[in-house]
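**Student:** Work out the full structure: start from the sequences and follow the hints.
There are 2 protein chains.
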Amino acid sequence: MLTIGKLGAQAGVKVPTIRYYEQIGLLPEAGRSAGNQRLYGRKALERLAFIRHARDLGFTLEAIRDLLSLSDNPEQPCVAADAIARAQLAEVERRLARLTALKAELERMVVQCAGGKIADCRVIEVLGDHSLCSTDHRHLESEASP
Amino acid sequence: MLTIGKLGAQAGVKVPTIRYYEQIGLLPEAGRSAGNQRLYGRKALERLAFIRHARDLGFTLEAIRDLLSLSDNPEQPCVAADAIARAQLAEVERRLARLTALKAELERMVVQCAGGKIADCRVIEVLGDHSLCSTDHRHLESEASP
DNA sequence: CTAATGTCTCTAGCAACTATAGCTTCAAGG
DNA sequence: CCTTGAAGCTATAGTTGCTAGAGACATTAG
Numbered sequence: 001m002l003t004i005g006k007l008g009a010q011a012g013v014k015v016p017t018i019r020y021y022e023q024i025g026l027l028p029e030a031g032r033s034a035g036n037q038r039l040y041g042r043k044a045l046e047r048l049a050f051i052r053h054a055r056d057l058g059f060t061l062e063a064i065r066d067l068l069s070l071s072d073n074p075e076q077p078c079v080a081a082d083a084i085a086r087a088q089l090a091e092v093e094r095r096l097a098r099l100t101a102l103k104a105e106l107e108r109m110v111v112q113c114a115g116g117k118i119a120d121c122r123v124i125e126v127l128g129d130h131s132l133c134s135t136d137h138r139h140l141e142s143e144a145s146p
Numbered sequence: 001m002l003t004i005g006k007l008g009a010q011a012g013v014k015v016p017t018i019r020y021y022e023q024i025g026l027l028p029e030a031g032r033s034a035g036n037q038r039l040y041g042r043k044a045l046e047r048l049a050f051i052r053h054a055r056d057l058g059f060t061l062e063a064i065r066d067l068l069s070l071s072d073n074p075e076q077p078c079v080a081a082d083a084i085a086r087a088q089l090a091e092v093e094r095r096l097a098r099l100t101a102l103k104a105e106l107e108r109m110v111v112q113c114a115g116g117k118i119a120d121c122r123v124i125e126v127l128g129d130h131s132l133c134s135t136d137h138r139h140l141e142s143e144a145s146p
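Chains A and B, in that order, are what the protein sequence lines are.
Heads up: the first sequence runs through residues 1 to 146, numbered per UniProt numbering.
Heads up: the second sequence runs through residues 1 to 146, numbered per UniProt numbering.
Do not rely on the hints blindly, as some may be mistaken.
Unchecked claim - No farther apart than 25 Å at their CA atoms in a straight line, the calculated lysine to any residue pairs in the SDA-like style are these:
(1) B:K103 with A:E91
(2) A:K14 with B:L45
(3) B:K103 with A:S33
(4) A:K14 with B:E91
(5) B:K103 with A:R98
(6) A:K14 with A:L45
(7) A:K43 with A:R95
(8) B:K103 with A:L96
(9) B:K14 with B:G41
(10) A:K103 with B:R95
(11) A:K14 with B:K43
(12) B:K103 with A:V111
(13) B:K103 with A:P77
(14) A:K43 with A:R65
(15) A:K103 with B:G41
(16) A:K103 with B:T3
(17) B:K14 with A:R95
(18) A:K103 with B:A63
(19) B:K43 with B:L99
(20) A:K103 with B:T60
(21) A:K103 with B:D82
(22) B:K103 with A:L68
(23) B:K103 with A:T3
(24) A:K103 with B:S69
(25) A:K103 with B:K43
(26) B:K103 with A:G25
(27) A:K103 with B:Q23
(28) B:K103 with A:T60
(29) B:K103 with A:E62
(30) A:K103 with A:P77
(31) B:K103 with A:L2
(32) A:K103 with B:K103
(33) B:K103 with A:A30
(34) A:K14 with A:G58
(35) B:K6 with B:R55
(36) A:K14 with B:R94
(37) A:K14 with B:S33
(38) A:K103 with B:R55
These are computed hints drawn from the structure, not numbers from a lab.
**Tutor:** Here it is, written out as structure tokens:
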């Protein structure tokens with residue numbers, strides 16, 4: 001049996017985070033010792049590892065909740081889990097595209113800063129003036145005006 | 001003179017967000033009309049565009065606060081602004097690396113889910129079992145254990 | 001002049017934790 | 001056996017960057 005501290009160390013999750021996961025129902029309420037301390041077994045460790053891993057992959061806690069409920073009834077078809085993974089993949093690809101454009105722009109900014117005064121600093125200038133942006137990068141304007 | 005709505009439309013920032021920026025001191029308190037409504041001029045528009053642009057590039061509001069205070073004294077050397085931009089670039093590169101690994105794993109998950117039952121679905125398994133991860137993708141274990 | 005839209009303040013909420021305070025329990029050393 | 005320090009407990013509040021709602025006042029189009 002593991003105390004919450006050992007569990008957290010093994011799963012790579014901080015102690016308050018484990019209690020938080022229990023509080024929001026991602027982890028079942030743990031059994032307690034005589035002195036009211038939480039005790040965990042192998043199943044809890046696996047479940048927490050699952051959550052940890054999914055978080056690392058960028059799944060929201062809501063998506064993880066869905067995945068867990070799927071894995072709790074393993075006779076259902078795989079379609080739902082597949083859909084969740086596909087949605088996440090699409091989201092990841094969107095973020096990748098954004099970050100790539102963003103990186104290009106930041107590199108441009110950094111390269112152009114020749115160490116002069118702020119007055120001629122391209123970092124400030126580029127941030128202040130949209131027209132200095134690279135060609136067709138439109139900075140989420142579509143996203144931000146709904 | 002622009003009302004807050006026009007300002008927001010021109011800068012691509014929602015009205016409550018502008019009030020929020022004023023509240024946390026990123027924008028100075030705006031002048032008011034006879035009827036107590038905020039009124040903005042060209043300078044406010046520029047400052048807001050700067051903030052908007054920097055947010056799009058992923059700068060935190062704290063970093064933006066620093067950049068703004070820099071640009072308010074334009075006789076200083078550029079080094080600080082350069083450092084902020086470089087830090088931002090490094091952070092973006094970290095996120096890119098993570099997302100790229102993540103995408104590979106999600107693709108693997110989606111491919112392996114061939115439409116069977118959950119019981120044989122790798123999507124769940126991959127997330128639950130670290131050892132099934134692709135080669136050397138270590139899922140931030142280093143980052144998460146401080 | 002009225003109706004619709006816009007703006008005002010204030011409060012509360014979102015995700016996903018993190019931190020603090022003030023206690024109790026546990027494991028190990030002397 | 002006792003003490004001390006780490007680890008645990010609960011409960012509450014804070015974080016970042018907004019977003020949403022309520023209820024009242026201002027402005028503008030027809």
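**Student:** Could you tell me which of the hints above the structure violates, numbers in ascending order?
**Tutor:** 2, 3, 7, 11, 12, 15, 16, 19, 23, 25, 26, 27, 30, 31, 33 and 37
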